[in-house]
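Visitor: Now for the letters of each chain:
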Amino acid sequence: MAANLEPVERYAGPRDLLEVDLTARTSRRIALRDEVFADALGGVGLAVRLIDERVRGPLDPLGPENPVVFAAGPFPSTAVPAANKHALATISPLTGFLNEGLSSSHFSAVLRRCGLAAIVITGAADAWTTLAIDGDAVRFEDASALQGLSARETTKALRDAYGDRSVRVCAIGAAGERGVRFAAVENDGRQAGRGGTGAVLGAKRLKAIALRGRGEVGIADPHATAAIAATLRTRALGPKTAKYRVLGTGANLRVLQRMGQLPTRNFTAAQFEGAENVTPERARESKGTYLELRAGCAGCPVQCEHLYVRKERDRRSAAASEYESVWAFGPNCGVDDLDAVLDAIGRCDELGLDTISTGSAIAFAMECADHGLVPRDAFAPEEHAARGAELRFGNAAVLLPAIEAVAARSGLGDVLADGVRAAAHRIGGGAERFAMHCKGLELPGYEPRALPTYALGLATCTRGACHNRAATYDRDLRDPSDDRDDAERARDAIEAEDRAVAWDSLVLCKFVRDCFEDFEMEAAALWSAVSGIALDAAALRAAAHRTWERKRAINARLGWTPRDDTLPERLFAEPIPSGPNAGRRIELDRLAALSAAYEALRREAGALAGTVVHSA
Amino acid sequence: MKVELFGMARALAGVSHVDLALDEAVALPDFLRSLAEAVPALVPDVIAPSLDALVEPNLLLLDGRRAPRAGETFGAADNPCVLFLASGG
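These protein sequence lines map, in sequence, to chains A and B. Under the numbering used here, the first residue of the first sequence is numbered 1, with each subsequent residue one higher. Under the numbering used here, the first residue of the second sequence is numbered 1001, with each subsequent residue one higher.
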């Protein structure tokens, strides 16, 4: 999609694109034009633009032709807080559509210190490979000795080999090597989890990317940047982020339980009787039982990650208590054993698995077992039988054997490793009604039946069921009346989607979302100060809109139709059985009306901007 | 009026709920003034220093389901909860 671009001021930051062909073992650096940054900003905007230029029709996501993009945000290696982040984009092996995600911390900063705005990787190596980028130099190194290692172990091995602890590494674990379609990519203890980018790297036999860069990162107006950054940092240490600093996202568990919006046992209920047992607050309050550790991304004052481990255990086995992960293995599997949940999260991180999709796949299998579609002992071969690893809701003992089987692609684990949509198809017998996904991506831990605008956002999201691309639950809660018209809800969903694109292109952590008094104006000023290219609020909105249109255009070329923008059958057919939202469900006609309003508004906005790409 | 506290409100108050001496239905500003009086630790991180608004993104939900409309009064039967729901990094 061509944009009408005017000549712009010179972009001050790192501008090189590194194109890597793993088949040919070649690479080349290209200086991106100023207009590219003015058009796409960075992060997701840049990654999506680079995918848009390269994916012109249907392709095999696990084939060599599928590009993987790593695109730095515009702020890593500057004083801007909560902004050491980069985007990853590829065609998802789970959905068959565009997958764009984020990761954080030192890797993003060093990418820019190598002079790079982005890396595009195509092709496939004939043996396990590490892509080593050392400033301007690029090497293709044998990674056969790294096979089977976790990302953390891979990082240590590469640093030992280079004799340099400043090397930053992103890597896949065993799950990515074996093509688990929801395998993650990890760097610095942070994961780009959703959508299976780890499987795409595994198919390319790319075990790791190692970066070493010490170059200066240009900033157009250091004084203005420092002033804005200082203001943001002060606000980020205030009450707007207190929840993340003090409690972490796991605090959502108690809240959603009270609200009757905590998906339980594969969305068959919306309150979990054992929820209190798996709240991170319970771990914190049980003084003497658990050790609490704090962690966070480089340059972030929030340090949102709260990790827990029993005091008698090795502190290196502490697991992050992020809400989505705790939900996936706790309430969604009916498990009320915090130790088992933390062990499951920790093991997923070691194997390189997305916790949401893994927990959802196990919950799906539990429900299939309830209906006799898969055997109860599917994950209970001899070595686990004694520990009672039957596949049923509430059985904590089955979590680890199931995770191992998924990562090893053994038995039922091999079926689940393709995601619940494909697994339901293979299992048959009506298993589709237990597969909780949108476009193939498993649902996150919010109950959509009581949140119609959020439900619309889940359905329309270009990457599938993502809570970070159309997080409108807040608007549903503030105004839950059913008399809001469809156009208003559709407008809310569109605003939320475009706002998320802006955040993800600048790449700012959404945890500081409330630290801006006027996000568009302040963020545009910040981008201008760092980049040297003038941007105002309207131009920021337009850039976000262009990127969303590109996402839809890519999906359209991959076969997307409006019929893909739907929700799991259960949300239409089965009302919430009990709790504050008992009886609520999504009406099929209502979603159709909301979707029609959404498409009409999107077409109108695209027509005004001259960028209509809809196939509908 | 029993008020349930979640997240930061609970962490600051050190209790899961408080009982306010409110016999009649009140609108949000009066409710917040009473809550701030009962739990001063909620000011300024949860309740704004002006005592008439919650600090975003804290929310007051009735019955855990909906926020009161502007000017709407509510009472004990509405089961007010103070919470903070936001996710995504």
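Some hints could be false.
To be verified - Here are the computed distance ranges between Cβ atoms for each label pair:
1) A:Lys287 to B:Lys1002: 24 to 34 Å
2) B:Ala1076 to A:Glu574: 31 to 41 Å
3) B:Asp1052 to A:Lys156: 47 to 57 Å
4) B:Asp1052 to A:Ala538: 43 to 53 Å
5) B:Thr1073 to A:Glu587: 53 to 63 Å
6) A:Lys311 to B:Pro1044: 50 to 60 Å
FYI, nobody ran anything at the bench for these hints, they're computed from the structure. In this text, all values refer to a predicted model and were calculated from it rather than measured experimentally. Ideal placement from N, C-alpha and C gives every residue a C-beta, glycine not left out.
Visitor: Does 24 to 34 Å hold as the CB distance between A:Lys287 and B:Lys1002, or does it fail?
Guide: Given range 24 to 34 Å: holds, Cβ gap about 27 Å.
Visitor: Given a hint of 50 to 60 Å, does the C-beta separation of A:Lys311 and B:Pro1044 actually sit inside it?
Guide: violated (35 Å)
Visitor: Between B:Asp1052 and A:Ala538, does the beta-carbon spacing fit 43 to 53 Å?
Guide: violated (33 Å)
Visitor: Starting from the range 53 to 63 Å, see whether the pair B:Thr1073 and A:Glu587 falls in it by beta-carbon distance.
Guide: violated (32 Å)
Visitor: Between the beta carbons of B:Ala1076 and A:Glu574, is the distance compatible with 31 to 41 Å?
Guide: Hint holds: Cβ distance 33 Å, inside 31 to 41 Å.
Visitor: Given the range 47 to 57 Å, decide if the beta-carbon distance of B:Asp1052 to A:Lys156 lies inside it.
Guide: Holds - the Cβ-Cβ distance for B:Asp1052 and A:Lys156, about 54 Å, lies within 47 to 57 Å.
Of the numbered hints listed earlier, those contradicted by the structure are 4, 5, 6.
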